[in-house]
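A.B. asks: Sequence:
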Amino acid sequence: MTEKTGPAGPAADASLRPGIWELAWPSILTNLLFAMVGIVSIKVVATLGPAAAAAVTVGNQVFFTLQAIMMAVSVGTTALVARAWGARDFDEAIRTTLSSLLLGVLVAVVLTLPVLVYAHELAALFGLGPDATALAGEFIFWLSLFNVAFAVNFIMSAALRAAGDARTPMWIGVATNLISMLGLYVLVFGHFGFPALGVKGAAIANGFAFGVAGLAFLVLWLNGRLVIEFRARELREAFDRARVRRLLAIGYPAALEQGVFRIGFFVFLSVIGHFYGTAAFAAYGIGVNILSVCFVVGFGFSIAGSTLVGQALGANDPEGATADGWRSLRYAMVSMIAIGIAVIAFAEPMARFMIDDPEVIGYTVAFIYILGVVQPLMAVEFAFGGALRGAGDTRYPLKATMAGLLGMRCVLAVLFAWLGLPVEWVFAALIGDYALKALMLTQRFRSGRWRSLYSNEQLALAR
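According to my numbering, the stretch in the sequence shown is residues 602 to 1064, in order.
Just so you know, these hints were derived from the structure itself, not from any lab.
Computed from a predicted structure; not experimentally measured.
One or more of the hints may lead you astray.
Simulated DEER-style distance windows between Cβ atoms [stated by the list, open to error]:
#1 Gly730 to Gly1049: 46 to 54 Å
#2 Val974 to Glu838: 46 to 54 Å
#3 Ala1004 to Arg953: 31 to 39 Å
#4 Asp692 to Phe954: 46 to 54 Å
#5 Pro1023 to Arg832: 56 to 64 Å
#6 Gly620 to Leu821: 23 to 31 Å
#7 Leu821 to Ala946: 36 to 44 Å
#8 Pro959 to Leu726: 26 to 34 Å
#9 Glu722 to Phe795: 24 to 32 Å
All C-beta atoms, glycine included, are put in the ideal place defined by N, C-alpha and C.
Sequences are here, hints too, so could you generate the full structure?
C.D. replies: Here it is, written out as structure tokens:
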């Protein structure tokens, strides 16, 4: 691929950039399907009892904790590939993708080994009963075997979306989700001659689907079927120290943010598990999966905003970058409020669909109501957080997460539990968390300081 030519200037480049909805809807659809798989997974294993549902909740949290460091690579990938694409420097986009992929695979390998050895010990940290802990350890072990495949999927999706191609990750995501759901049916209960593996079967089904997705990305890439080409001669550039440093400089605050998020989430879950028991813990996991519909809509606009802000800055169009950030917020706000209202309206029927235990149902409904209240605040976090990361301003979202999650949610949760208040008060600590983050991110975006953090010259772009 050679550098494209055409009219110069921000206006011309803006006409070449995709629209917000064009980028957002494939990501929303993909993540909605992933959310459906999460709901189906919880529903399937919940038929095995509350201990199984709690085990999968813990296992998924540990699995995504392992991916926190991966955010250092993927966020850097999005920012740098989008900048290069906006500057029409396609060679640098290819090199950045290669560097990101190799770095991501290395990180996945390093993270996998200790988790395989200490899977049970990690599960035990959440304070569940012995049965749930044993099941969670088994789930963590088997799902972690597929970390490398997840890394390939994660990085290639980020690179393609940053280049404006959100549809290829969507189609691969559709296939991945179908494989996951088929695998759940076959392996959890035992069909078509396969043994009934229970919770372990759920982990293997999801992991195998990641493996198929990673392989699909690599086959398409190596055969020249992706918008970002594969060039073997560029492999030597993949280990360029300056590029890797740029990836990590932009990405490491995002990794720390995810680390802070997982630590805070662990503290929050531990408070629920230690003070309120398995029923409340299982309800939290079920509620998060139901409300994930709202999460993924916001995440779709976060991806769109991040891509468009990065491309606009690469095209030397800071005013366009600002406008794209505000448009992302409007789309996210309207969409998340509408879906949040619909989900809250059907909170009890959905909770009853997920599990039969009356105590868990009551807790789940309460959590859905509380989380529904914060949907507008979450829209701000997704839209402006994505825009700032697309500009390479990853430190401020880290500060906002530390303040909101650790300084507000966890402190309030511990206080409410210590005072002996009902678990609904602990759930309500989320309101303070998201309110503080929304305020901080709005102030940062309005300041405009993010527009001049990195110049194209600093990022070695040919413009």
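A.B. asks: Using the beta carbons of Pro1023 and Arg832, state whether their distance is inside 56 to 64 Å or not.
C.D. replies: For Arg832 against Pro1023, whose Cβ atoms are near 60 Å apart, the range 56 to 64 Å holds.
A.B. asks: Using the C-beta atoms of Asp692 and Phe954, is the stated range 46 to 54 Å upheld?
C.D. replies: holds (51 Å)
A.B. asks: For the pair Val974 and Glu838, does the Cβ-Cβ distance stay inside 46 to 54 Å?
C.D. replies: Cβ of Val974 to Cβ of Glu838: about 49 Å, so the range 46 to 54 Å holds.
A.B. asks: Does the Cβ-Cβ separation between Leu821 and Ala946 fall within 36 to 44 Å?
C.D. replies: holds (41 Å)
A.B. asks: Given a hinted range of 24 to 32 Å, is it respected by the beta-carbon distance of Glu722 and Phe795?
C.D. replies: holds (30 Å)
A.B. asks: Quick check: does the Cβ-Cβ distance between Gly730 and Gly1049 fall within 46 to 54 Å?
C.D. replies: holds (52 Å)
A.B. asks: A range of 26 to 34 Å was offered for this pair. Does it hold for the Cβ distance of Pro959 and Leu726?
C.D. replies: The hint (26 to 34 Å, Cβ to Cβ) holds, given that Pro959 and Leu726 are roughly 29 Å apart.
A.B. asks: Hint says 31 to 39 Å; check whether the CB-CB distance for Ala1004 and Arg953 agrees.
C.D. replies: At roughly 37 Å between Cβ atoms, Arg953 and Ala1004 fall inside 31 to 39 Å, so the hint holds.
A.B. asks: Starting from the hint 23 to 31 Å, judge whether the C-beta atoms of Gly620 and Leu821 obey it.
C.D. replies: holds (24 Å)
Hint compliance for this structure: no hint is broken.
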